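Trainee: We have chain A; now place chain B onto it with these hints.
Chain order of the listed sequences is A and B. Residue numbering for the first sequence follows this note's numbering, beginning at 37 and increasing consecutively. Residue numbering for the second sequence follows this note's numbering, beginning at 3 and increasing consecutively.
To be clear, the hints were calculated from the coordinates, so they are not data collected in a lab. Being a predicted model, the structure only gives us computed values, none of them experimental. Keep in mind that a hint or two might mislead.
[To be verified] Covered stretches of chain A (chain B as the covering partner; in silico rule of three or more C-beta atoms under 8 Å from a C-beta of chain B):
1) 72–79
2) 140–153
[As the list claims (entries may be wrong)] Below, in silico cross-link-like pairs of lysine-lysine (PhoX-like), each with a Cα-Cα straight-line distance of 25 Å or less:
3) Lys97/B with Lys5/B
4) Lys97/B with Lys54/B
5) Lys47/A with Lys93/A
6) Lys71/B with Lys54/B
7) Lys5/B with Lys93/A
8) Lys5/B with Lys71/B
9) Lys93/A with Lys97/B
10) Lys97/B with Lys107/A
11) Lys97/B with Lys71/B
[Claimed, not checked] For each label pair, taking beta carbons as the anchor points, the in silico distance ranges come out as:
12) Glu92/A with Gln107/B: 41 to 51 Å
13) Ala68/B with Gly52/A: 51 to 61 Å
14) Asp13/B with Thr141/A: 44 to 54 Å
15) Thr7/B with Gln53/A: 37 to 47 Å
16) Ser102/A with Glu19/B: 15 to 25 Å
17) Val153/A with Phe41/B: 24 to 34 Å
18) Gln77/A with Ala30/B: 22 to 32 Å
19) Pro42/B with Gly121/A: 46 to 56 Å
20) Gln77/A with Phe48/B: 17 to 27 Å
21) Arg117/A with Ala68/B: 47 to 57 Å
C-beta atoms are modelled at their ideal positions from N, C-alpha and C, and glycine is treated no differently.
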Amino acid sequence: DTGVSQNPRHKITKRGQNVTFRCDPISEHNRLYWYRQTLGQGPEFLTYFQNEAQLEKSRLLSDRFSAERPKGSFSTLEIQRTEQGDSAMYLCASSLTGTGISGNTIYFGEGSWLTVV
Amino acid sequence: LAKTTQPISMDSYEGQEVNITCSHNNIATNDYITWYQQFPSQGPRFIIQGYKTKVTNEVASLFIPADRKSSTLSLPRVSLSDTAVYYCLAHNTDKLIFGTGTRLQVFP
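Here chain A stands alone, though its shape is the one from the complex (with noise of 0.2 Å):
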């Protein structure tokens, strides 16, 4: 258990619905990073936070995908009118960074799965 609790584990959703995952990042950490993982992939950005400023968007998260860590705590990821494509593992991470230079050890959660039907 690295601290970083993510929820639920597992969703399974129709097609056209929204779902919205959350993550608890390890107390105090500073830095918020959703991934997105599918089978025999390694996983793949999608969008990190700074606190609760939201500093980057992968070219992935397209429209139907939003991020928000209100409080600079835990984070929700929504995907709206989820498509089969969607379906993956969604992974938060956390850490603790001063100015964002390397070094600085990240913590993933056990991820979230989202499977579309």
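Mentor: Just chain B now, with coordinates in the frame of chain A:
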């Protein structure tokens, strides 16, 4: 972000030492090298990180030659529970770019 190349898969037996080499020919001066381990249906787990020479912790060693164009993750005396995918990353920011990793299979 430096591109890394590592073997797609490796097989080993319990009790053996396993060395996984990663190539990062265009590594930047301020890039660190980090290795993660991932079991099925779980998030990646940090193993070790280094910049140059040798780093050792309780689970692995990381060897980085002087030119830093490659690195080797060494797992001493592997067990069945070390069967996993191992990712090598060379990066100078917290935005990690994962490849497909090396799938290590440990046999009894």
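Trainee: The structure should be examined with respect to each hint, and the outcome stated for every one.
Mentor: For each hint, the structure was consulted:
no.	hint	verdict
1	72–79	holds (count 4)
2	140–153	holds (count 9)
3	Lys97/B with Lys5/B	holds, 13 Å
4	Lys97/B with Lys54/B	holds, 21 Å
5	Lys47/A with Lys93/A	holds, 24 Å
6	Lys71/B with Lys54/B	holds, 10 Å
7	Lys5/B with Lys93/A	holds, 20 Å
8	Lys5/B with Lys71/B	holds, 11 Å
9	Lys93/A with Lys97/B	holds, 11 Å
10	Lys97/B with Lys107/A	holds, 22 Å
11	Lys97/B with Lys71/B	holds, 20 Å
12	Glu92/A with Gln107/B: 41 to 51 Å	violated, 36 Å
13	Ala68/B with Gly52/A: 51 to 61 Å	holds, 56 Å
14	Asp13/B with Thr141/A: 44 to 54 Å	violated, 29 Å
15	Thr7/B with Gln53/A: 37 to 47 Å	holds, 40 Å
16	Ser102/A with Glu19/B: 15 to 25 Å	violated, 47 Å
17	Val153/A with Phe41/B: 24 to 34 Å	holds, 26 Å
18	Gln77/A with Ala30/B: 22 to 32 Å	holds, 25 Å
19	Pro42/B with Gly121/A: 46 to 56 Å	violated, 21 Å
20	Gln77/A with Phe48/B: 17 to 27 Å	holds, 19 Å
21	Arg117/A with Ala68/B: 47 to 57 Å	holds, 53 Å
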